[in-house]
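Chemist: So the chains spell out like this:
There are 2 protein chains.
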Amino acid sequence: MKLYTYWRSTAAYRVRIALHLKGLRCEQEPVHLVKDGGEQHKGEYRAINPQGLVPTLVDGGHVITQSLAILEYLEEKHPEPALLPSKPVERARVRSLAQIIACEVHPLNNLRVLQYLSNELDVSDRQKTRWYHHWLEQGLKPLERRLANEGRTGRFCHGDSPTLADVCLVPQLYNARRFDFPLDAYPTLRRIDEACRELNAFRASAPEAQPDAVGTAGSN
Amino acid sequence: MKLYTYWRSTAAYRVRIALHLKGLRCEQEPVHLVKDGGEQHKGEYRAINPQGLVPTLVDGGHVITQSLAILEYLEEKHPEPALLPSKPVERARVRSLAQIIACEVHPLNNLRVLQYLSNELDVSDRQKTRWYHHWLEQGLKPLERRLANEGRTGRFCHGDSPTLADVCLVPQLYNARRFDFPLDAYPTLRRIDEACRELNAFRASAPEAQPDAVGTAGSN
Numbered sequence: 001m002k003l004y005t006y007w008r009s010t011a012a013y014r015v016r017i018a019l020h021l022k023g024l025r026c027e028q029e030p031v032h033l034v035k036d037g038g039e040q041h042k043g044e045y046r047a048i049n050p051q052g053l054v055p056t057l058v059d060g061g062h063v064i065t066q067s068l069a070i071l072e073y074l075e076e077k078h079p080e081p082a083l084l085p086s087k088p089v090e091r092a093r094v095r096s097l098a099q100i101i102a103c104e105v106h107p108l109n110n111l112r113v114l115q116y117l118s119n120e121l122d123v124s125d126r127q128k129t130r131w132y133h134h135w136l137e138q139g140l141k142p143l144e145r146r147l148a149n150e151g152r153t154g155r156f157c158h159g160d161s162p163t164l165a166d167v168c169l170v171p172q173l174y175n176a177r178r179f180d181f182p183l184d185a186y187p188t189l190r191r192i193d194e195a196c197r198e199l200n201a202f203r204a205s206a207p208e209a210q211p212d213a214v215g216t217a218g219s220n
Numbered sequence: 001m002k003l004y005t006y007w008r009s010t011a012a013y014r015v016r017i018a019l020h021l022k023g024l025r026c027e028q029e030p031v032h033l034v035k036d037g038g039e040q041h042k043g044e045y046r047a048i049n050p051q052g053l054v055p056t057l058v059d060g061g062h063v064i065t066q067s068l069a070i071l072e073y074l075e076e077k078h079p080e081p082a083l084l085p086s087k088p089v090e091r092a093r094v095r096s097l098a099q100i101i102a103c104e105v106h107p108l109n110n111l112r113v114l115q116y117l118s119n120e121l122d123v124s125d126r127q128k129t130r131w132y133h134h135w136l137e138q139g140l141k142p143l144e145r146r147l148a149n150e151g152r153t154g155r156f157c158h159g160d161s162p163t164l165a166d167v168c169l170v171p172q173l174y175n176a177r178r179f180d181f182p183l184d185a186y187p188t189l190r191r192i193d194e195a196c197r198e199l200n201a202f203r204a205s206a207p208e209a210q211p212d213a214v215g216t217a218g219s220n
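If you read the protein sequences in the order shown, they are chains V and G. The numbering of the first sequence is UniProt numbering, which starts it at 1 and goes up by one. The numbering of the second sequence is UniProt numbering, which starts it at 1 and goes up by one.
These are computed hints drawn from the structure, not numbers from a lab. Among these hints, one or two may not hold up.
Straight-line alpha carbon distances no greater than 25 Å define the calculated BS3-like cross-link-like pairs of lysine-lysine that follow [unchecked claim]: (1) 141/G <-> 141/V; (2) 128/V <-> 141/V; (3) 42/V <-> 2/V; (4) 87/G <-> 77/V; (5) 2/V <-> 87/V; (6) 77/V <-> 87/V; (7) 22/G <-> 42/G; (8) 128/G <-> 128/V; (9) 128/G <-> 35/G; (10) 87/G <-> 87/V; (11) 77/V <-> 35/G; (12) 22/V <-> 35/G; (13) 2/V <-> 35/G; (14) 87/V <-> 128/G.
Take a look, some chain V residues computed to stay more than 10 Å from chain G by CB distance [what the hints assert, rightly or not]: (15) 35; (16) 42; (17) 43; (18) 72; (19) 76; (20) 89; (21) 112; (22) 113; (23) 182; (24) 187; (25) 198; (26) 200.
Derived CB-CB ranges, DEER-like [to be verified]: (27) 62/G <-> 76/V: 15 to 25 Å; (28) 122/G <-> 86/V: 48 to 58 Å; (29) 137/G <-> 177/V: 30 to 40 Å; (30) 124/V <-> 137/G: 19 to 29 Å; (31) 36/V <-> 24/G: 46 to 56 Å; (32) 122/G <-> 24/V: 46 to 56 Å; (33) 42/V <-> 137/G: 18 to 28 Å; (34) 160/V <-> 209/G: 40 to 50 Å; (35) 160/G <-> 160/V: 35 to 45 Å; (36) 79/G <-> 42/V: 36 to 46 Å.
Remember, predicted model here, so these are calculated numbers, not experimental data. Ideal Cβ positions, reconstructed from N, Cα and C, are used throughout, including at glycine.
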């Protein structure tokens, strides 16, 4: 397998975590999202991924795009260890938690949207940070409320082993810290995030641990 | 089962289509997203869905939020007729097509985002329309390219029976037309959309066919 990735892409980060949790070997092919206007927009990459987004997984000649689709694919092809519970209603809970992040927070705060706000709408840096924090809060508040109140929450988002919900949560909190979003009001999210980051699979998938990571804080 | 829905919510529209395709009975509980500042923000609804978004499905006391999670749940509980193919790589293709819409287009163009652009960023109506069209184009262009070029496309997005990709496509094209987005450059999407809308399940799920629909064109 080959994963087209970028160290700071949280969508790619999700897939890296799942690969590590499942102990799967996968070649990494970095796609630099910022340098020279972004390698993801070049014809060579667009031929593989017409959306010009990372990640893309290539497995035996099959090209799979969209991080949630890749995660479900890995789960179906390599069921152990399971990242989804077995009962439909519990699977729905995990997917719903994951999608609060993947469908409601991340799409509004990713690079191309921040670039549009600056370049097309002339939004100031201060307003851009407010935008970023606003959508994070809109997603993380109900997520905290659910995880704090729902009985199925355990050491991780669902029970005592990591699921696709944790796979989405940890990269999103990485981004929250990167954009100076205060996490004091989110004790359950922080507790779960810490439990995850004690695991090798999460540590090995972190942006800073990637071969294409750039050392300087704040750099792209 | 009970579905909390709003006639013009495209996320609820997806779930209505799946329910109809599978021939499942489901009570509909309308949540008016605009009237009095939005019923979805009231405490009564937030107790069910802390995000304050539609749809929510309640099945035997279980509350399920996030439309893609609901669709997967319905697929697992009521596998026939199948809205996902059987092979992992084909399931991944369908999910990836669905997610181009559900994770990349819709989150940027839904009501709460358009309200933020107006209320917080003072964006003009013209700029708001450009925003709307821009993100539609960013999603629909690669979707058209993939559907036109990939061999697994058939009468529908994947083969000759509807899948979750069609369930997401038709509501998104409804919204595109509603916001005057020209669809001339998308012949494959239009062809599939028409094939879908010949089916009763899609017709019965359309916004205008809902009990809470408001008759006046352009009204909310």
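Chemist: Against this structure, judge whether each hint is valid.
Modeler: Here is how each hint holds up against the structure:
With a C-alpha separation of about 34 Å, the suggested pairing of residue 141/G with residue 141/V is violated against the 25 Å cut-off. With a C-alpha separation of about 20 Å, the suggested pairing of residue 128/V with residue 141/V holds against the 25 Å cut-off. For the given pair, residue 42/V sits about 19 Å from residue 2/V by alpha-carbon distance, which is consistent with the 25 Å threshold. The hinted pair formed by residue 87/G and residue 77/V meets the criterion: a straight-line CA distance of about 10 Å does not exceed 25 Å.
A distance of roughly 31 Å separates the Cα atoms of residue 2/V and residue 87/V; the hinted pair therefore is violated under the 25 Å criterion. Proposed proximity of residue 77/V and residue 87/V is supported: the alpha carbons are some 18 Å apart, at most 25 Å. The suggested pairing of residue 22/G with residue 42/G is violated, with an alpha-carbon distance near 32 Å, which exceeds 25 Å. The suggested pairing of residue 128/G with residue 128/V holds, with an alpha-carbon distance near 17 Å, which does not exceed 25 Å.
Distance hint between residue 128/G and residue 35/G is fulfilled; the C-alpha atoms sit about 21 Å from each other, no more than 25 Å. As the CA atoms of residue 87/G and residue 87/V are separated by approximately 20 Å, the hinted pair is consistent with the 25 Å bound. Between residue 77/V and residue 35/G the alpha-carbon distance is near 46 Å, which puts this suggested pair outside the 25 Å criterion. Using a Cα cut-off of 25 Å, the hinted pair residue 22/V and residue 35/G is violated, with the two alpha carbons roughly 48 Å apart.
Annotation: proposed proximity of residue 2/V to residue 35/G is violated, straight-line Cα distance about 49 Å (limit 25 Å). Between residue 87/V and residue 128/G, the direct Cα distance comes to roughly 42 Å. Violation of the 25 Å bound is thereby established for this hinted pair. At roughly 21 Å, the least C-beta separation between residue 35/V and chain G is larger than 10 Å, which holds for a residue marked as non-interface. The claim that residue 42/V is not at the interface with chain G holds, since no C-beta of that chain comes within 10 Å of its own (minimum 15 Å).
Distance check for residue 43/V against chain G: the nearest CB is about 13 Å away, which clears 10 Å, and the non-interface claim stands. The Cβ of residue 72/V sits about 6 Å from the closest Cβ of chain G, inside the 10 Å cut-off, so the non-interface label is violated. With a minimum CB-CB distance of about 4 Å to chain G, residue 76/V fails to clear the 10 Å threshold, and the non-interface call is violated. Not every beta carbon of chain G lies more than 10 Å from that of residue 89/V, the smallest distance being close to 5 Å; the non-interface claim is violated.
Taking the minimum C-beta to C-beta distance to chain G, about 8 Å, the non-interface status of residue 112/V is violated against the 10 Å cut. Its beta-carbon lying about 7 Å from the closest one in chain G, residue 113/V breaks the requirement of being farther than 10 Å from that chain. Residue 182/V, annotated as away from the interface, keeps every beta carbon of chain G farther than 10 Å; the closest lies near 19 Å. The Cβ of residue 187/V sits about 16 Å from the closest Cβ of chain G, beyond the 10 Å cut-off, so the non-interface label holds.
Against chain G, the non-interface label of residue 198/V holds: every CB pair exceeds 10 Å, the least being about 28 Å. Listed as a non-interface residue, residue 200/V keeps its Cβ farther than 10 Å from every Cβ of chain G; the least gap is roughly 26 Å. About 23 Å separates the C-beta atoms of residue 62/G and residue 76/V, a value consistent with the hinted range of 15 to 25 Å. Judged by the Cβ atoms, the range 48 to 58 Å given for residue 122/G and residue 86/V holds: they are separated by roughly 50 Å.
For residue 137/G and residue 177/V, the Cβ-Cβ distance of about 33 Å falls inside the hinted range of 30 to 40 Å, so the restraint holds. Remark: the range hint 19 to 29 Å for residue 124/V to residue 137/G is upheld by a beta-carbon distance near 26 Å. Our hint of 46 to 56 Å for residue 36/V and residue 24/G holds, since their Cβ atoms are close to 51 Å apart. Judged by the Cβ atoms, the range 46 to 56 Å given for residue 122/G and residue 24/V holds: they are separated by roughly 48 Å.
Between residue 42/V and residue 137/G the CB atoms are about 19 Å apart, so this pair conforms to the stated range of 18 to 28 Å. Taking 40 to 50 Å as the suggested C-beta distance range, the pair residue 160/V and residue 209/G conforms, at roughly 46 Å. Checked against the hint of 35 to 45 Å, the C-beta distance between residue 160/G and residue 160/V comes to roughly 44 Å, which is consistent with it. Range check, residue 79/G to residue 42/V: about 42 Å between beta-carbon atoms, so the 36 to 46 Å window is met.
Against the hints set out earlier in the document, violations occur for numbers 1, 5, 7, 11, 12, 13, 14, 18, 19, 20, 21, 22.
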